[in-house]
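Here is how the chains run, residue by residue.
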Amino acid sequence: MTKIITGEEISKSIESTLANAVVASDETAMWVSPETIHDVCKTLKNPDGLDYSFLTAISAVDYIEYFEVVYHLTSLRNNCSCIIKVKTSGRENPKVQSVSDIWQAADLQEREIWDLMGIKFEGHPNLKRILLWEGFDGHPLRKDFIG
Amino acid sequence: MATIRTEPVTINLGPQHPSTHGVFRLRVTFDGEEIVDLEPVFGYLHRGTEKLAESRNYVQIVTLTDRMDYVASMSNNLAYVRTVEKLSDIKVPERAQYIRVISVELQRIASHLMATGFLLNDLGALATPLVYCFRERERILDLFEMLCGARITLSYMRPGGVFQDAPEEFWGSLNTLISDLPSYLDELESLITTNEIVLARTIGVGLLSDTQAIDSGVTGPILRASSVKWDLRKANPYEIYDRVNFDVPIGSSGDTYDRYYVRLQEMRESIKIISQCIQQIEPGPVRTKTPFFIRPPTGEAYSSVEGPKGELGFYMVSDGGISPYRFKVRAPSFINLTPLRDMITGWKMGDLIIILGSIDIVLGEVDR
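First to last, the protein sequences are chains A and B.
So for the first sequence, the working numbering puts the first residue at 8; every next one is plus one.
So for the second sequence, the working numbering puts the first residue at 592; every next one is plus one.
Hints were generated in silico from the structure; no laboratory data involved.
Among the clues, some could well be false.
Quick list of in silico lysine-lysine cross-link-like pairs, DSS-like style, CA-CA up to 30 angstroms [stated by the list, open to error]:
id, chain 1, residue 1, chain 2, residue 2
1, B, Lys677, A, Lys52
2, B, Lys677, A, Lys94
3, A, Lys52, B, Lys682
4, B, Lys825, A, Lys94
5, A, Lys150, B, Lys677
6, B, Lys682, A, Lys49
7, A, Lys150, A, Lys135
8, A, Lys10, B, Lys939
9, A, Lys92, B, Lys677
10, A, Lys52, A, Lys102
11, B, Lys682, A, Lys10
12, A, Lys10, B, Lys677
13, A, Lys135, B, Lys825
14, A, Lys127, B, Lys642
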């Protein structure tokens, strides 16, 4: 069985190397700030450390007051998984650091989130619309989108 | 000596092209015959499934999942209903779990037959080998018709079990099919596995190393062809997969041939799983009673299954209402296209077609 690592456990191992990166944690997930997600993911992927070599999925949820980006990570060697979340502020121009240089898997998924949810991934080399066409007005998965 | 001036040429492949397996477009830049750059263009079949699901109730969404990977609807159904069950803590009767596993393994065989047939089509063996593959796939579709009346868009599963028990004649036909399939796969293998043309065209073509396969998030037969032994049925057993014995076939080099061969061996393992299920299944109920409108408690769940194309996962957020607040699909076909550019650059036009064919994409799932 894939072991599910709680947010508290993962935040303990993160805080020893990156102080102040963790915003909150509970048994389901660990929240980090949009400015530190890149460093946190780099630490998580480190093959000599926690070895989360596999980025399963990136999702984004519109909670009206804020957006949440959810990272599902899996370690194939240790057969365990964890969830990292990032809350963005504001609806106008939400921004999160890109992790596409850490996992190539993030490349298309971050473009999809930018396209449908309108969250900018800073540092992504090719952040263009992917499922809709350039020039499309709005981001359809937002709750205030009128089609 | 005078030099001839050359310049790279960019051409469009698709969206209407028989080898793109649907409406998929590639902008390919050639330097002479060699591919130097490639950009996939998506979205021609985008129907906004994730947004549509936000305005339907949990049982209605089953029909939306059919239309994503339309050659493997059963697996989509299973991945989706498992997430709803996890979200609202619904238990599934044992008989239903066996029927589910039998039907998704049949679907895996059907999907891999399609993949193999179309790979040969892409290799230039037009139509004839494809018909060999479709012949047995047709018998699997007949079985699905007995189960639920549909052949492609099945909607057979429900949160809490399956729509109805398998009819009496299903088991007879299933037994005949299971006893016929091994010799049929031998026949198919004798045409392909040692065929000189297939070997010349596929061995060493479109290499994907194990580290890049993991890094780029590919799953399913492509990951396993790159010699990574990762199968969710073993790594995180769901339904009754912990009660059956089967092996996880892996490739050695991660080339096009390995991807074909891993699929072929997986079909044999699926036959093993199905015959063990037939022996173990006991009579009993096939569906837990659930309310007509399921209202899961506020919260979120991610659940995934090993589909024919890879890890098919659903991430759902509930606000306690009758429809999901957010419905997200981790589509394996879409994410498996991540390393496409690195796999194809440096090869020629003919190789592009078979490398894309060996990835086995379904555009309904790529674009959703």
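**Asked** Taken at face value, is the distance from the CA of Lys642/B to the CA of Lys127/A at most 30 angstroms?
**Response** Given that 30 angstroms is the threshold and the Cα spacing comes to 20 angstroms, the pair holds.
**Request:** Would you mind confirming whether the straight-line C-alpha gap from Lys825/B to Lys94/A stays at or under 30 angstroms?
**Result:** Not OK: Lys825/B and Lys94/A at ~34 angstroms, beyond 30 angstroms, violated.
**Request:** Assess, step by step, whether the Cα of Lys150/A is no farther than 30 angstroms from the Cα of Lys135/A, and give holds or violated.
**Result:** This hinted pair holds, its Cα atoms lying about 21 angstroms apart.
**Asked** Taken at face value, is the distance from the CA of Lys677/B to the CA of Lys10/A at most 30 angstroms?
**Response** It holds: about 16 angstroms lies between the C-alpha atoms, which stays within 30 angstroms.
**30 angstroms limit on alpha-carbon distance, applied to hinted pair Lys677/B and Lys52/A** = holds, 28 angstroms
**Pairwise hint evaluation, Lys677/B against Lys92/A, where the allowed Cα distance is 30 angstroms at most** = holds, 20 angstroms
**Proposed proximity, Lys10/A with Lys682/B (alpha carbon, max 30 angstroms)** = The hint holds at about 21 angstroms.
**Asked** Has the given pair, Lys52/A with Lys682/B, been kept, meaning a C-alpha gap of at most 30 angstroms?
**Response** violated, 35 angstroms
**Prompt:** Between Lys10/A and Lys939/B, is the straight-line Cα distance small enough, at 30 angstroms or below?
**Reply:** Violated: Lys10/A and Lys939/B sit about 44 angstroms apart, past 30 angstroms.
**Message:** With the threshold set at 30 angstroms, check whether the alpha-carbon distance from Lys677/B to Lys94/A stays at or below it.
**Reply:** Since the Cα atoms of Lys677/B and Lys94/A sit roughly 25 angstroms apart, the hinted pair holds (cutoff 30 angstroms).
**Prompt:** Under the criterion that the straight-line Cα-Cα distance not exceed 30 angstroms, is the pair Lys682/B, Lys49/A satisfied?
**Reply:** Violated, because 39 angstroms separates the two Cα atoms, which is more than 30 angstroms.
**Prompt:** Is the Cα-Cα distance between Lys150/A and Lys677/B 30 angstroms or less?
**Reply:** Given pair Lys150/A, Lys677/B holds - Cα atoms ~25 angstroms apart, limit 30 angstroms.
Of the numbered hints given earlier, the model fails hints 3, 4, 6, 8, 13; all others are met.
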